[in-house]
Amino acid sequence: STWLFTIAKRLYVNACQKHRPLYDSEIVGGWQGGGDDADAPTLTGEAHATARDAIGEALDQLGDEQREIVVLFHQQDWPISLIAEYMNMPEGTVKSHLHRGRRKMRKYFEHSDQYNAFIVESLS
Numbered sequence: 131s132t133w134l135f136t137i138a139k140r141l142y143v144n145a146c147q148k149h150r151p152l153y154d155s156e157i158v159g160g161w162q163g164g165g166d167d168a169d170a171p172t173l174t175g176e177a178h179a180t181a182r183d184a185i186g187e188a189l190d191q192l193g194d195e196q197r198e199i200v201v202l203f204h205q206q207d208w209p210i211s212l213i214a215e216y217m218n219m220p221e222g223t224v225k226s227h228l229h230r231g232r233r234k235m236r237k238y239f240e241h242s243d244q245y246n247a248f249i250v251e252s253l254s
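Take the sequence shown: its position 27, counted from the start at 1, is 157 in the numbering used here, and no numbers get skipped.
What the hints contain is simulated information worked out from the structure, not anything from laboratory work. It cannot be assumed that every hint is accurate.
Dumping the calculated EDC-like pairs for lysine to aspartate or glutamate here, alpha-carbon to alpha-carbon at most 20 Å [to be verified]:
hint, residue 1, residue 2
1, LYS225, GLU198
2, LYS225, ASP183
3, LYS225, ASP194
4, LYS234, GLU198
5, LYS234, ASP194
6, LYS237, ASP183
7, LYS237, GLU198
8, LYS237, ASP207
Label-pair distances were calculated between CB atoms; the ranges are [what the hints assert, rightly or not]:
hint, residue 1, residue 2, range
9, HIS241, ALA179, 14 to 22 Å
10, ALA179, PRO220, 33 to 41 Å
11, HIS241, MET219, 15 to 23 Å
12, GLY186, ASP207, 28 to 36 Å
13, VAL201, ALA179, 12 to 20 Å
14, ASN218, HIS241, 31 to 39 Å
15, GLN206, SER226, 28 to 36 Å
This structure is a prediction, so every number in the text was calculated from the model and none was measured. Where is the CB? At the ideal position from N, CA and C, for every residue including glycine.
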């Protein structure tokens, strides 16, 4: 029965993804080389590893709930409504955690030497 629930949940998530607006995911897709913009920069090799490490360190700065919500939203592409249902909390609370998590990550990146070096490297 567990596998049946997993299949049903993935079908629901996939259906939600098809009808979900793309907010900042288009920007992230461009940096990964998967966006629609042909002029968008792509990451390869060492730059990709540096970006992955910087994101991992920034995620480590978050609390457990914030980290899980940020990962589910940005990496797993779950809609807010599904995250709220999964985490058993109101949608507004999920949005607050997501906003605060992004803000903490942004502050971390602004003060991170590794991130600043990555930006210089990727632009050259």
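Structure-based check of each hint:
| no. | hint | in the structure |
| --- | --- | --- |
| 1 | LYS225 <-> GLU198 | holds, 13 Å |
| 2 | LYS225 <-> ASP183 | violated, 25 Å |
| 3 | LYS225 <-> ASP194 | holds, 15 Å |
| 4 | LYS234 <-> GLU198 | holds, 14 Å |
| 5 | LYS234 <-> ASP194 | holds, 13 Å |
| 6 | LYS237 <-> ASP183 | holds, 16 Å |
| 7 | LYS237 <-> GLU198 | holds, 19 Å |
| 8 | LYS237 <-> ASP207 | violated, 23 Å |
| 9 | HIS241 <-> ALA179: 14 to 22 Å | holds, 21 Å |
| 10 | ALA179 <-> PRO220: 33 to 41 Å | holds, 38 Å |
| 11 | HIS241 <-> MET219: 15 to 23 Å | violated, 30 Å |
| 12 | GLY186 <-> ASP207: 28 to 36 Å | violated, 19 Å |
| 13 | VAL201 <-> ALA179: 12 to 20 Å | holds, 19 Å |
| 14 | ASN218 <-> HIS241: 31 to 39 Å | holds, 34 Å |
| 15 | GLN206 <-> SER226: 28 to 36 Å | violated, 19 Å |
Checked against the numbered hints above, the structure breaks hints 2, 8, 11, 12 and 15 and satisfies the rest.
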